[in-house]
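Visitor: Numbering (the numbering used here), first residue to last: 3 to 452.
Heads up, a few of these hints could be off.
[Claimed, not checked] Beta-carbon label-pair distances, calculated as ranges: (1) Asp408 - Gly211: 21 to 27 Å; (2) Leu39 - Asp161: 52 to 58 Å; (3) Gly211 - Gly37: 33 to 39 Å; (4) Glu328 - Gln245: 22 to 28 Å; (5) Lys278 - Glu14: 25 to 31 Å; (6) His314 - Phe120: 24 to 30 Å; (7) Glu23 - His448: 46 to 52 Å; (8) Glu267 - Ile105: 29 to 35 Å; (9) Lys180 - His448: 35 to 41 Å; (10) Pro212 - Glu62: 51 to 57 Å; (11) Val347 - Gln245: 23 to 29 Å.
The set of hints was computed from the structure by calculation and includes no laboratory data.
All C-beta atoms in this analysis are idealised placements derived from N, C-alpha and C, irrespective of residue type, glycine included.
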Amino acid sequence: MSARYKSYKYIEDLSKYDGQEITLNGWVYNKTGKGKLQFIQLRDGSGVAQCVVFKGNVSEEDFEAAKSLTQESSLSVTGTVKSNDRAPGGFELDVTSLKVYQIADEYPISPKEHGDAFLIENRHLWLRSSRQHAIMRVRSVIVKAIRDFLDNSGFRLMDSPILTPNACEGTSTLFETKYFDLGNAYLSQSGQLYAEASAMALGRTYTFGPTFRAEKSKTRKHLTEFWMVEPEAAFFDLEDDMQLAEDMTVYIVKQVLANCEKELETLERDIEPLKKIVGGFPRMSYTEAVEWLQENKVPLIQKVDGVEKEIHPFPWGEDFGTVQEEALMEQFDQPCFIYDYPTEVKAFYMKRDPENPKVVKAMDMLGPEKAGELIGGSQREDDHDLLLERIQHEDLPLEEFQWYLDLRKYGSVPHSGFGMGLERTVKWITGAKHIRETIPMPRTIHRIVP
RNA sequence: UCCUGAAUAGCUCAGCUGGUUAGAGCAUCUGACUGUUAAUCAGAGGGUCCGGGGUUCAAGUCCCUGUUCAGGAGCCA
Numbered sequence: 003m004s005a006r007y008k009s010y011k012y013i014e015d016l017s018k019y020d021g022q023e024i025t026l027n028g029w030v031y032n033k034t035g036k037g038k039l040q041f042i043q044l045r046d047g048s049g050v051a052q053c054v055v056f057k058g059n060v061s062e063e064d065f066e067a068a069k070s071l072t073q074e075s076s077l078s079v080t081g082t083v084k085s086n087d088r089a090p091g092g093f094e095l096d097v098t099s100l101k102v103y104q105i106a107d108e109y110p111i112s113p114k115e116h117g118d119a120f121l122i123e124n125r126h127l128w129l130r131s132s133r134q135h136a137i138m139r140v141r142s143v144i145v146k147a148i149r150d151f152l153d154n155s156g157f158r159l160m161d162s163p164i165l166t167p168n169a170c171e172g173t174s175t176l177f178e179t180k181y182f183d184l185g186n187a188y189l190s191q192s193g194q195l196y197a198e199a200s201a202m203a204l205g206r207t208y209t210f211g212p213t214f215r216a217e218k219s220k221t222r223k224h225l226t227e228f229w230m231v232e233p234e235a236a237f238f239d240l241e242d243d244m245q246l247a248e249d250m251t252v253y254i255v256k257q258v259l260a261n262c263e264k265e266l267e268t269l270e271r272d273i274e275p276l277k278k279i280v281g282g283f284p285r286m287s288y289t290e291a292v293e294w295l296q297e298n299k300v301p302l303i304q305k306v307d308g309v310e311k312e313i314h315p316f317p318w319g320e321d322f323g324t325v326q327e328e329a330l331m332e333q334f335d336q337p338c339f340i341y342d343y344p345t346e347v348k349a350f351y352m353k354r355d356p357e358n359p360k361v362v363k364a365m366d367m368l369g370p371e372k373a374g375e376l377i378g379g380s381q382r383e384d385d386h387d388l389l390l391e392r393i394q395h396e397d398l399p400l401e402e403f404q405w406y407l408d409l410r411k412y413g414s415v416p417h418s419g420f421g422m423g424l425e426r427t428v429k430w431i432t433g434a435k436h437i438r439e440t441i442p443m444p445r446t447i448h449r450i451v452p
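Construct the entire structure; sequences and hints are all you get.
Guide: Shown next as C-alpha cells:
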C-alpha cells in the first residue's frame, strides 16, 4: 500500500507551492461571484485559501459546479498557486478543475453574528469557524507545552483513575454511578491522591486528564467536565511547588507566543500583556493579602437570608471570593501566588505549618487580566497521625483512605503538587470570553448535547 | 440552591403610552456583472410573536403561571 496521505497538500503550506499545480481538499468557507468569475474561500483545517474560478479556464460543467457551491460544501480543487496581493494570505489558487463531494444543505452559521445559545447548540459546526478553530489550535499548543515542560523537567506521566470510590477532597458534589456489586463509584474530581502514590514510586510525576464536578456552577469560568494537569513531586516543599508552577506558566506563554502568532491575531488577542509573563511572579501570604484588603477597604461580602452584606474590615480566616481576588490582582501584570491559607478553609490533605497550625502550606496562583484562579496546590501532610486526625475531623470514610495513609507509613517524605486548569489557562491566554469556547465539547449544567 | 434578565422569520434584531394585513439586514431561490474580501444591484418565498390562562371592543405589547435559556453569587481549576 502506498502512503497516499503523505501526498496531501495543505493551505498552511501554500506559499511553498508557488507556481505549481496542486490539489487542495476542503470545505467552502465563503463564496462570492461576479459573473464569469467565482471566488471560493476554501477551508481545509489548516487555513483558508482563495480559489479563483474563471469561466474561460475550466470546463462548462466545472464552472456550473462552482456556481452551485453553498457554504460548507465539500470539494477538491486543482489549480496553480499564484501570489496575488488581492488574495487574503498573499497566495491564491487559479483553478483548472474541481470535484464536488457534496453540496451542503443551508448552513445554519452564516458569516453574520450569532447569539451564544445558538452557537453552543451548534457546537459541532461552530468548531469550524475561524475563532473557534484558532482557540482549539492554541489549546493543542498549550497541552504540548505543558507536557514538554514536565517531560523535560524529569516528570513522568502517571495517569490516575477516573472511577473512584469516594470524594477525594470530601467537599464538592460528585457524579455518581453504579459500580457492579461494590456499590457506588464517583467520577474523579482530581487525580491528586493517586498522583501522591505515583510520586512515591517515580519521584516526579504528573497526571493529565479529565475531571468532573457536579456543582451547579453557572459562570463563564466553570465546566462540569474539564482537563487538569497535576504535577506531584517527592521532596518538593511549597517553595519548590510555586517555582515549578511559575516556570511552567512562563514556558506555556512563551510557546504560545512563539507558535500561535496567526491564531492570536485571528482572536484579536493583545499580546503585550502576554509578553510581560517572564517570571518573578509576585508572592503574598494569605495574611499579607488580608492586610492589603483591609488597608484598601475591600470588604468581605456575605449573604444573609438573600441579602448581601459588606463586612469591614475583611476578617482573617475567611476565604477570598472573586471580588477580593480581582482587587488584589489589579496591582500585578504577572500571575500572583497567595500562600499559607487558614487551615479551616482548605482541604484535609494540606500540610499544616509546624510553626503555626492555623495555616496550611497551600497556594493559589491567580492570573492577571481577570483570569482568576489558574492553579491551586499545596505541600501535602506527610505526618501519619496529623493526617489521620484531619480525615477523622472531616468525617471521611477511613477504610477507603487506608491506602492513602499507608503512603505516610512506608517512607513518608515531604512532597508537593498542584493542579492547573487547562481550560482556564486557555481562556486566559486566548482571551476567550467564556470557558465553554476553550474545550471542543463543553459540558455545562444545562447542556450535554452535542 | 439563591438573585437578575431574556424568549418575535433559518440567523441577528426592531416593533413607541395596547389599534388595520408583524418589519429590516443576513441566509435561501431567480436574474445581471472578469477581482470579490460579511461583494453589489433587481425580484421572490419564508412567522404556532416560547406554552397555558386572564384583562380588554381589541394583546407580539398589560397581568398571572409554566417551560427553556443566559450570567452573577456560592463552590472551585
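Visitor: So, for every hint listed, does it hold in this structure?
Guide: Hints versus structure:
no.	hint	in the structure
1	Asp408 - Gly211: 21 to 27 Å	23 Å, holds
2	Leu39 - Asp161: 52 to 58 Å	55 Å, holds
3	Gly211 - Gly37: 33 to 39 Å	55 Å, violated
4	Glu328 - Gln245: 22 to 28 Å	25 Å, holds
5	Lys278 - Glu14: 25 to 31 Å	29 Å, holds
6	His314 - Phe120: 24 to 30 Å	44 Å, violated
7	Glu23 - His448: 46 to 52 Å	51 Å, holds
8	Glu267 - Ile105: 29 to 35 Å	32 Å, holds
9	Lys180 - His448: 35 to 41 Å	24 Å, violated
10	Pro212 - Glu62: 51 to 57 Å	53 Å, holds
11	Val347 - Gln245: 23 to 29 Å	24 Å, holds
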